[in-house]
Structures are given as C-alpha cells and as structure tokens.
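Once you have looked at the hints, place chain B on chain A.
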Amino acid sequence: MGLFFIFVAIVLTQNFVLHYFLGICPFLGVSDEMEGAFGMGIATTFVMTLTAIITWNINTFILKAFNVEFLEYVSFILVIASLVQLVEMFLKKYLPELYETLGIYLPLITTNCAVLGLALFMVLREYNFVESAVFGFGAGVGFTLALVVMAGIRGEINEEDIPEPFRGTGITLLVAGLLALAFMGFSGLVPT
Amino acid sequence: MKVNEMIKDFVKGIWKENPVFVQVLGMCPTLAVTTSLINGLSMGLATTFVLVASGLAISALRKLIPDQVRIASFMIIISSFVTVVKLLFEAHIPEISSQLGPYLPLIVTNCIILGRQEAFASKEPVGRSLLDSLGMGVGFIFALVVLGSVRELFYQGTIGGFELLGSWYKSMVIMVQPAGAFISLSLLVALFHKLSGSE
Chain A
3 MGLFFIFVAI VLTQNFVLHY FLGICPFLGV SDEMEGAFGM GIATTFVMTL
53 TAIITWNINT FILKAFNVEF LEYVSFILVI ASLVQLVEMF LKKYLPELYE
103 TLGIYLPLIT TNCAVLGLAL FMVLREYNFV ESAVFGFGAG VGFTLALVVM
153 AGIRGEINEE DIPEPFRGTG ITLLVAGLLA LAFMGFSGLV PT
Chain B
592 MKVNEMIKDF VKGIWKENPV FVQVLGMCPT LAVTTSLING LSMGLATTFV
642 LVASGLAISA LRKLIPDQVR IASFMIIISS FVTVVKLLFE AHIPEISSQL
692 GPYLPLIVTN CIILGRQEAF ASKEPVGRSL LDSLGMGVGF IFALVVLGSV
742 RELFYQGTIG GFELLGSWYK SMVIMVQPAG AFISLSLLVA LFHKLSGSE
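Residue numbers (the working numbering), protein chains in the order written: chain A, 3 to 194; chain B, 592 to 790.
Calculated from the structure, these hints are not laboratory results.
Check each hint, because a few of them may be wrong.
Unchecked claim - If you want a taste of the chain A side facing chain B, the calculated C-beta under 8 Å gives, among others:
#1 Cys27
#2 Leu118
#3 Leu176
#4 Leu183
What the hints assert, rightly or not - In silico EDC-like links for lysine to aspartate or glutamate, alpha-carbon gap of 20 Å or less:
#5 B:Lys677 / A:Glu71
#6 B:Lys785 / B:Glu608
#7 B:Lys785 / A:Glu166
#8 B:Lys654 / B:Glu709
#9 B:Lys607 / A:Glu166
#10 B:Lys603 / B:Glu709
#11 A:Lys66 / A:Glu128
#12 B:Lys599 / B:Glu715
#13 B:Lys714 / B:Glu608
#14 B:Lys603 / B:Glu715
#15 B:Lys677 / A:Glu74
#16 B:Lys593 / B:Glu715
#17 B:Lys654 / B:Glu715
#18 B:Lys785 / A:Asp163
#19 B:Lys714 / B:Glu596
What the hints assert, rightly or not - Taking CB as the label site, the calculated pair distances span:
#20 B:Ser689 / A:Leu80: 20 to 28 Å
#21 A:Lys94 / B:Glu709: 19 to 27 Å
#22 A:Ser189 / B:Glu596: 50 to 58 Å
#23 A:Glu128 / B:Val594: 50 to 58 Å
#24 A:Lys66 / B:Pro685: 20 to 28 Å
#25 A:Val70 / B:Ala682: 17 to 25 Å
#26 A:Glu128 / B:His683: 21 to 29 Å
All of these numbers come straight from a predicted model, not from anything done at the bench.
Even glycine gets a Cβ: it sits at the ideal position worked out from N, Cα and C.
Isolated chain A, as found in the complex (with noise of 0.2 Å):
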C-alpha cells in the first residue's frame, strides 16, 4: 500500500476517531466549539506526528536491536509524556502567542488513547520510517477533522430540544453513530 493510501485510510475510510474509537475522550467532551476543536486538533496532529517518528526510531534501535519488546508500553507512555512536556516548554518560550491558544490543550494529550494507539498501531503494521511519519501525520488530521466535524454538529444540535434522557453524553453519542455510518461511504476510496 503506497504514501497516498495509508494517508487517505487513515484520515477518511479508518479515521481514528470514527473506526478506531481512538480519542473518543475529547471528542465527546471538548468539542463544544469550533475553533477550541480545532485548536485541540493542531495541537494532537503536532504531538502524533512527532511521536510517530520518536516512537519509530525507539522501537526499531532500542527495543528490537536489544530484545527488549516488553518495555514497549512503559518507553512510548514516557516519550508521549515527556514530548508533551517538551512541547509545552518549547511553545511558552518560543511561540506564546500560540501556546495562549493551545496551552489548556496540551496536558491533556498525555492520556489521549489515540497517541499511544498510534504508536502500537505503527509497530502492529510493521511500517517503516517514511510511512510511520505519514501515519502519525495522516491519523492527526482524521483526528482534527473529527473534532471540528462535531463541534459544528454539536453548535446546532444545543439551540434544538432534545428529549430529557438523550441530553450530554446520549445525543452526542448517537451523533457520533451517525458520523461513523456516514464515513463507511468512504470505505470504497481505499482497495484492500
């Protein structure tokens, strides 16, 4: 399967929010609004890209090169962590404007299932360097398209009445059924 493919399975016919139920957390809980969704969206795509290619080497010169495959879960959840840290340090100093807007964001990234899904996925699938980083790349952007897909659902979806019990999480999440039937419409872009 070439570049193009991993990229289009992973924002589009596999997004991960939608197939994989990767990140469903800030899915359902932060996108309220369009532009904080898609605020938490840049920032995830900037941290699973950079994962992506930091998790690749770790695994492919450390855990393999030494046979120590079974730290695999506690090395990539302190990369993810300590990235995240990283990130954060980086953009107070360099980028504040940016880091105004992504700041209460950031943290929250850490115990975001879609960076560590990303991560095992990656190893799962056995896909060399240039297709990880695609894959990190690829999988942000479903994530963000996700997200700011439903914060414009949800702004319309707020003004409506809603029965009692479906209010919060019950009417979200049979948007979010919705969302996934229509994205099977795409299941045909991929050949498998």
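Chain B alone, transformed into the frame defined by chain A:
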C-alpha cells in the same frame, strides 16, 4: 472507618458514579471491544486488575512520590501492570488476547485508571483506595457486559454464545461495526439516565 462508609466507597462506582454511564470515562475500550459478552467481560476484568493493583501501589507510595512528577510516575506504574496483564493474557488465553489486539495495551491510557489515581488513590489510605477501585472496576465490568450482551444479541441472536433468538433471526452486521457501537451505547446511556433520574 465505619462499615457504611466502606460500603459507600465501594457501591458508588457501580451505580451513582458509574464510570461509563455517568462519568463517560474509558470510552475507547467500551466501544471498541464490546462486540460480544466474552470480549467485554475479559476487557473489564483486565482493566479492574490494573485499576486495583495500581491503586494499591500508588496509595502505598503516595507520600514518596513528589508532586511535580506524579502523573509521569502514575503512568509508569500503570503501564507496568498493563504489561503484566498483556503477558498473562498472551500466555493463558491467546485467542482473546489477539481479539482484543492493541486495545489491551491501551488500558494504559484508560482515563478511568488515571482519573481514580489522581482523584482518590494519591490522597487516601490503602484500604479506602482498594474499595474505591474495586467499586469502579465492578461498575466498568457491569457497563461492558451490558453493552457486549446487547450488541451480541442483536448481531447474531446469542448472548455469551448461547442462542436466544432462534434460527429465524437475521444477523445485523451493523451492530459489530463502529456505528452500531456508538448508537447502542447512546441508547443505553439514555436508558440509564431515565432509570436513575427518578431517584
């Protein structure tokens, strides 16, 4: 500590603060692995083990862990226990382990676990923390088992492999696909709110 306080620590996770239906935490495994009763149950048990074990460890170490690096320390403790579970599953129940796939290691980022450590285990003594994590674990298993049974029933008319609806039932593939997961959980959450709203 009084007995009814102990019971309260335990019971709140099952109904009043149910991690899935009320707190909406741990959604990824909830939606991803509940294609059948048995998958939901094994995921629930694995998560509960990690929750209880890391709760005990963190509660016992709570005075030794410096505040600034507590999240990182929690993550390392949690991911070590997840590695234990993953290796156990691979050795003893390989079929279920391969069905759960990457969602088993993803227990590391299950927000229920980190949430409970942050909100409870890092502040309270070992005994209370044990009851709290057991309660949350049972609440999580309850949610996964219900969702898994509903999806399996409407997918192929069975629960836990036992045929309930007979051979006339035409299987609904949508129930084991992502859309079915979202929609059934949505209906269950609404039902839960309806049932607990009258209290």
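Tested hints:
Because the smallest distance between the Cβ of A:Cys27 and any Cβ of chain B comes to about 6 Å, under 8 Å, the interface hint for this residue holds. The interface hint given for A:Leu118 is met, as the beta carbon of that residue sits about 5 Å from the closest beta carbon of chain B, less than 8 Å. A distance limit of 8 Å between C-beta atoms decides the matter here; for A:Leu176 the minimum to chain B is near 4 Å, and the interface restraint holds. The beta carbon of A:Leu183 comes within 4 Å of a beta carbon in chain B, closer than 8 Å, and the hint placing it at the interface holds.
Simply put, B:Lys677 and A:Glu71 have alpha-carbon atoms about 12 Å apart, close enough for the 20 Å limit, and the pair holds. Using a Cα cut-off of 20 Å, the hinted pair B:Lys785 and B:Glu608 holds, with the two alpha carbons roughly 15 Å apart. At most 20 Å may separate the alpha-carbon atoms for a hinted pair to count; B:Lys785 and A:Glu166 meet this at roughly 8 Å. At most 20 Å may separate the alpha-carbon atoms for a hinted pair to count; B:Lys654 and B:Glu709 meet this at roughly 14 Å.
For the hint linking B:Lys607 to A:Glu166, the alpha-carbon distance of about 18 Å falls within 20 Å, and the restraint holds. Straight-line distance between C-alpha atoms of B:Lys603 and B:Glu709 comes to about 17 Å, which keeps the hinted pair within the 20 Å bound. Between the alpha carbons of A:Lys66 and A:Glu128 the distance comes to roughly 12 Å, so the proposed pair stays at or under 20 Å and holds. Between the alpha carbons of B:Lys599 and B:Glu715 the distance comes to roughly 15 Å, so the proposed pair stays at or under 20 Å and holds.
Between B:Lys714 and B:Glu608, the direct Cα distance comes to roughly 19 Å. Compliance with the 20 Å bound is thereby established for this hinted pair. Distance restraint check for B:Lys603 and B:Glu715: the Cα-Cα separation of roughly 16 Å lies within the 20 Å cut-off, and the hinted pair is therefore satisfied. The straight-line distance between the Cα atoms of B:Lys677 and A:Glu74 is roughly 11 Å, inside the 20 Å bound, and the hint therefore holds. Between B:Lys593 and B:Glu715 the alpha-carbon distance is near 15 Å, which keeps this suggested pair within the 20 Å criterion.
A C-alpha spacing of about 11 Å is found between B:Lys654 and B:Glu715, which places the hinted pair at or below 20 Å, so the restraint holds. For the given pair, B:Lys785 sits about 17 Å from A:Asp163 by alpha-carbon distance, which is consistent with the 20 Å threshold. Restraint check: the Cα-Cα separation between B:Lys714 and B:Glu596 comes to about 17 Å, which is no more than 20 Å; the hinted pair holds. Remark: the range hint 20 to 28 Å for B:Ser689 to A:Leu80 is upheld by a beta-carbon distance near 26 Å.
In this structure, A:Lys94 and B:Glu709 meet the distance hint of 19 to 27 Å, their C-beta atoms being roughly 23 Å apart. For the pair A:Ser189 and B:Glu596, the supplied restraint of 50 to 58 Å holds, since their beta-carbon distance comes to about 53 Å. A hinted range of 50 to 58 Å holds for the C-beta pair A:Glu128 and B:Val594, which are about 55 Å apart. For A:Lys66 and B:Pro685, the hinted distance range of 20 to 28 Å is satisfied, since their beta carbons lie about 22 Å from each other.
The hint said 17 to 25 Å for the Cβ distance between A:Val70 and B:Ala682, and at roughly 18 Å that hint holds. For A:Glu128 paired with B:His683, a C-beta distance near 26 Å keeps the hint of 21 to 29 Å intact.
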